[in-house]
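J.: Each chain, letter by letter, is given below.
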Amino acid sequence: MAKQELLGENTRENIYHCIKCGLCIAHCPVYKEVLKEEATPRGKVQLSRHLSEGSLELSEEVKEAFFSTCLLCGSCVANCPSGVHGDHLFSGVRWRAAQRYGIDWKKRMMFQLLASKWKMSKSAFFGKWARKVFGGPWIEDKLNAGALNVARVPAFNEQPFSDTVPEVVRPAGKVNARVLYFHGCATNYLYGAIGDAVVDVLKKMGVEVIIPKEQSCCGLPIFMSGERETALTCIRDNLKLFARPDVDAVVVDCATCGAALKNEYAHLLRDLRQLGEAVSDAEIAAAELMAAKIKDVTVFIDEHKEWLPQLKAGGAKLRVTYHDPCHLVKGMKISAQPRNVLKAIPGVEYVELPGANDCCGGGGSFQVEHAEVSRKITKRKTANIEATKAQVLATCCPGCNLTIANHLDPAIRVLHPVQLLREALNG
Amino acid sequence: MDKETMIAELVKMVGRDNVLSSAMYFKLYEYDASLNRSQPDCIVLTESTEQVAQVVKFAHANRIPLIARGTGTNLSGGSVAVQGGISLVLTKMNKILDLDIENQRVVVQPGIITLDLKNELAKHGYLYQPDPASEKVTTIGGNFGENAGGPHCLKYGVTSNHVLGAEVVLDNGEVIRVGGKALDNPGFDLLGILGASEGTLGIVTEATLRIVPKAEAIKTMLCIFDSIEDGGNTVTAIIGEGMIPATLEMMDNLTIKAVEEAYHVGFPLDAAAILIVELDGLKDGMDRLTERILAICRQHKVREIRVAKDQAERDKIWAGRKGAFGAVGRLRPNYLVNDGTVPRTRLPETLAKVVEIGKKYRLPIANVFHAGDGNLHPLILFDERDKDELARVHAAATEIMEVCAAMGGTISGEHGIGLEKMHGMAMVFSEKDMAAMRQVKAAFDPLNLLNPGKVLPESEKAA
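Going down the list, the protein sequences come from chains A and B.
Residue numbering for the first sequence follows my numbering, beginning at 1 and increasing consecutively.
Residue numbering for the second sequence follows my numbering, beginning at 1001 and increasing consecutively.
Keep in mind that the hints are not guaranteed to be accurate.
Capping the alpha-carbon separation at 27 Å, the derived lysine-lysine pairs in BS3-like fashion look like this [what the hints assert, rightly or not]: (1) K379/A to K1118/B; (2) K1214/B to K379/A; (3) K1095/B to K1214/B; (4) K389/A to K1123/B.
It is worth saying that the hints were derived from the structure and are not from the lab.
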């Protein structure tokens, strides 16, 4: 091959199915703020086409367009009448751009740590260590935290969540099911309480929960930033642990991790194989086996609600609303189940959020690097939440949680639905 | 004038962020939703009428072609800079300037997205009627320039029926006002000339639109037929009985399949045609009218009728219709859409000819149409990478235009002539007709700088 192909074959076909109707533009949170064509999914699909056909050179400017005007929220994919997978194209271009121009060293270092964190996590002090390392140059320096207010970023867990739970948690009585639990990095390092809630609720439902100690980052933030080689390490590590035929489900508490594990692994492995990476059939088969078992934890609970013990009605009703994370509602097409879980709690007065499935504007590191656009998108979200007069905003994604809580009226708590369920179970 | 100087001058007028000129940006503004591509020399975003006037004046003084565009959803190549020059992007001029509920008028900038405007009006219980299928992306400026239609135009008329006034930047940068909030302005009807002029006569920087209170009641019916003829005859019969529903939209089997795959709206995959009938108006009498329509459908062998029970069901039906063009992108990578119009009663006959043309050129054709208006939308499906197929597509499209003209209709109902249908103008206009139009163009734009190379073919003499 004289010239390195930009995109794998099954990804490349997308560029020819974009008929440039522009309907994606209506659903793009970034375009609404930028109002230029590079911000449109259509525009980036067209650029991908030119790059792939060799009629446009990859430049710093092109790299900037693919990184700074896309949250990879998947709204365009979910709403494209022609079924074009812009996300696959964009992450492919980002990969090539990162190869040529590199990515920010802080980001690269973070990703390498996430991918190989298990060397670190043996130390119970990883959390504090990470805070020291990233707290300095990245997070605590207000200039570098972009749209995030550093004072409101939650503290790292005292210990990584995985060090606080046994590898297998068995219920007291009859075992109704056996599941693997993929807790993302966010639960591991920032939101240990979500992990505690997931384990506790599942246990009370009579579910045996296996929490593999060596689990890695899902890889999505890494490959979406163009670091495909690093992401591949994550994918392989996770497949070894989670592609198991002998469990009923693999539950996930993070919308982003869930979307990665369910939708992206097999596709990415195929893509990389076409582009010359040594990927075996067995690995692709393992990715498909695992994908079929992936369930957002709220979906698992909703499907087996008869296993839940009687929920206690509290005193005053708690007014709760729900934000649809992009990777759950658009990526996994899940919107009813988390609401069902919330509505099943007797102490909850559920109120629907206007624009519930609009992106929160976070997009992982997007909010750090592209603060102005991100902040505007988040503002629409928090204004809608505050208008509902809810006391709690529930959402199934720690990424959205981090972003929204950072900008929201502090009187409103931001929780995972399972945390509310746990409160109800424990009275 | 060399490019560097041009850019430096433009930056002075609109600021560095609003002047785009790099290989990437030329690629980003070389297309619209048609098959045509051509790069501008420079892209300029303006934020006020003054800036537009300055840029246009500059282009005029330096003989630079200039083409205004919004979101670039044109279906006939109207937004493509065939002669290079400046691409003037109006997306940042997207404000509502005056919402005058008492007088049922709204004044907007041209870059406002049609549906964004409607959503704002809905908060006040009001509505702007035209509803091009692409309304969630298209802008009012483009809607007026193309005189966009949409399903509800059957009852309410096309965009120009709802534009009552405009602020217009002329070719030399002068700003004029035509029409206004009042009805029936004296003098020449310049507004009438500007509607559908496709950006070749001037640039609208402000539009005054008619708004109306939302209908008290709406009934949406999905009628499923086993033959296209039965559907077509139903349409003729409904209108023949003196009823004008808000919409009479039809789709054929190929479109139904594509839409179903994209939107899962519950259209039956084996239906030959579906007809979407929507009634709007007062609550009183609505049920009686619905019954009459249903009776007509039954007389014409309707297989099944589904009446939407609530807004959610209604939205689902319309999502299927409005996403139909995009959805056919699932069948083949590209489509070319014609939008010829024929007298309504000749619709079944025309459609039969379209089917023949598809067979003749070995091309799949999906059909969606504003049946009530006799406005066809045959979507010819193909893959532009296949050059032989592409040539057959253009031949088929030309033949479809000829058929429409021969039926006593015309070559475009709402998407504009642009580039793609320019060669069809002679099918419906004589050389004298076009000479009259050229005189209008020369009066507004003697240097031929505004969206040159569109709508009017060169005269035989000049060519």
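J.: Now tell me, hint by hint, if it's right for this structure.
T.: Results of checking the hints against the structure:
no.	hint	in the structure
1	K379/A to K1118/B	22 Å, holds
2	K1214/B to K379/A	30 Å, violated
3	K1095/B to K1214/B	22 Å, holds
4	K389/A to K1123/B	20 Å, holds
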